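Here my numbering is used: the first residue of the sequence shown is 9, the next is one more, and so on.
Please note: incorrect hints may appear among the correct ones.
Between beta-carbon pairs, the in silico distance windows are [what the hints assert, rightly or not]:
(1) W95 <-> G127: 16 to 22 angstroms
(2) L107 <-> T80: 27 to 33 angstroms
(3) G90 <-> R125: 29 to 35 angstroms
(4) G62 <-> R125: 28 to 34 angstroms
(5) I117 <-> P81: 27 to 33 angstroms
(6) A145 <-> A77: 21 to 27 angstroms
(7) G75 <-> W95: 18 to 24 angstroms
Note that these hints are calculated values from the structure, not bench results.
These figures come from a predicted structure and were not determined experimentally.
Note that the Cβ used here is the ideal one computed from N, Cα and C, for glycine as well.
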Amino acid sequence: MHAPPQSPSPRRGRIVIGGFASVVLLGAFLAAAWLVAGGRAVPPVAGTPGPVTGPALVVRTPQHLHGVADVTPLVNRLATHGVTRAWVQVKQDETDESLAGSALYPSKIAPVAAGYRDGRTDRLITGLARRGIEPMAWMPVLHDAQAAKATLFPTLRSSYLSIRPTAS
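All chains, full assembly: derive it from the sequences and hints.
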């Protein structure tokens, strides 16, 4: 024979209700802190951009700019949708469209990705600023195949520091 089903213990119900109450209280505390901060997630610091007042987005330069002709339509589309800040990728992060670590603008210190000596990234940044959209540089630093091999640009060579204790 099968045992009759057990009803949930009263203790389990108290734990669930107590957990729910904790989440509600935490949410109320965070909402109050947000209101005290003037509705900003983080108060602005001198020398840093202020709070975003409209939509902000990331422009993955290799995916959104195939050439100089793409600049004006992209800027117009962002302005039409009320974008106020755009993070513009200025260095290739992963090795997909081009080798990781390649600059997406004419650079004197880093290898430039194929096709990016045409100034499309500079034209994008200038066009955004002219339309009142704050351009911000997005420069990934962790994936950099160019710096790892760095034969043409030895100053970009990655170096590693051992944190193992020395034997005494």
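Here's how the hints hold up against the structure:
1. W95 <-> G127: 16 to 22 angstroms: holds (19 angstroms)
2. L107 <-> T80: 27 to 33 angstroms: holds (28 angstroms)
3. G90 <-> R125: 29 to 35 angstroms: Once the Cβ atoms are compared, 33 angstroms apart, the range 29 to 35 angstroms for R125 and G90 holds.
4. G62 <-> R125: 28 to 34 angstroms: holds (33 angstroms)
5. I117 <-> P81: 27 to 33 angstroms: Hint holds: Cβ distance 31 angstroms, inside 27 to 33 angstroms.
6. A145 <-> A77: 21 to 27 angstroms: Hint holds: Cβ distance 23 angstroms, inside 21 to 27 angstroms.
7. G75 <-> W95: 18 to 24 angstroms: holds (21 angstroms)
Checked against the numbered hints given earlier, the structure satisfies every one of them.
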